[in-house]
Amino acid sequence: MMFMYFSEGEAAPGSSYRSRYWELVEQVLHAERWGFDSFGASEQHMAIGGVSTSSPEILFAYLFPLTKRLRFRQAITPLVKPMNHPLKVAARTAVQDILSNGRIELGVGRGNTTLALRAFEVDLDKTRGEWYEGLQILKKAFTEDTFMFYGEHYKIPPRALVPKPVQRPHPPLFSAATSAESHRIAGELGIGVISWSNFLGWDALAEAIASYKAAIAKTKATGAHVNDKVSLLVQGYCGETDERAREEAAESNLKWLKLALDGYPRLAKMSKDYAYMAKVKAVDDRYQDIDYFVEGSAAAVFGSPDSCIRALERYASIGVDEVVLRIDSVPHELIMRSIELFGRHVIPHFSDRPNIVRAADAVMRDIRAMREEAKRQGVYVELGDEKAKPPAAASKTAAE
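Residue numbers (my numbering): 1 to 400.
Honestly, I wouldn't trust all of these hints.
As the list claims (entries may be wrong) - The calculated DSBU-like cross-link candidates involving lysine-lysine, where the alpha carbons are at most 35 Å apart (straight line), are:
#: 1; residue 1: 155; residue 2: 140
#: 2; residue 1: 81; residue 2: 375
#: 3; residue 1: 126; residue 2: 68
#: 4; residue 1: 213; residue 2: 269
#: 5; residue 1: 220; residue 2: 255
#: 6; residue 1: 272; residue 2: 220
#: 7; residue 1: 255; residue 2: 81
#: 8; residue 1: 258; residue 2: 279
Derived from the structure by calculation, the hints contain no laboratory data.
Could you build the full structure based on these sequences and the hints that come with them?
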């Protein structure tokens, strides 16, 4: 399993966006130091509640020379014409790929806030088509020396992308997905998926991932190049104990949850393409239920290191390859400590398990059990046991 540190640069009321950005830079460098594989940020415009990552590409450009191995992902770029023409996204991503020495990844979506979509005068009934055609244009621009595209929403004459990215065949592509249908479409397109269950629970998440897996398997069978990674966006917080985690971050995380999902039912009423978002009403009464958030929502890795490990093992069991940990909504010092706790105790459990320090009692239990089993099979003799005969295998080896 791989791990991404994800932030939307959420700033608390009364603080400054300027100071929050410098804190974010420090947090990203801290995440690389503690073993995270990548950093991601979403493109958020006109956001309320302190979210401030309106231009991740500029933040990334600053961070490229300050980091060595960390990968960067636009997660998510709204791929709709009034906000981001796919040719502009392709050109920007190619330059990022060059300047990062092949460490950029691109996640796209249709957008999910009326604040941004209406501000940019986006036609909600066209977002699905623009997103779908935009992904095809991105692939063509990255991989074909000269390309053209003629569709319902875009009509591009023969052109060539300059410059081209350095990763082959192109930087990894992902799409945000919430419904089982959008997971399936991502699989049919042969791109990675960034899944978000909308806090609807483990069954809904497992169904969506299974839909993606089935579709991507069929795409692979055609011989096409695919990115088959399943990423899962969750709210993350690791504290020294479950009690400390709840004391430090439960209230702020639930507040963010309510703000993040509050607009979904309204968006669902505005276009049939967003109708599936109305399902979030099913958990309306659980916005303030920390137990459901931690245990039942399938959208949180929260608590002590042991609790975080248990949640991550459950994600792995249903096919999640990468967890995108949104560690935000709390003060800078708590974010830094949470990043360190993930890196010190949780990430090694999945990325470097043989190096995990085991308790002495556990090691001794294994030693005693192995010794007794070896005795039973006659391949082990206690040192100093003069009455015991050496095992046959050992005698043969000595004679040779």
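Open item on the list: Tell me the numbers of any earlier hints that the structure contravenes, in ascending order.
Closed with: 2, 3, 5
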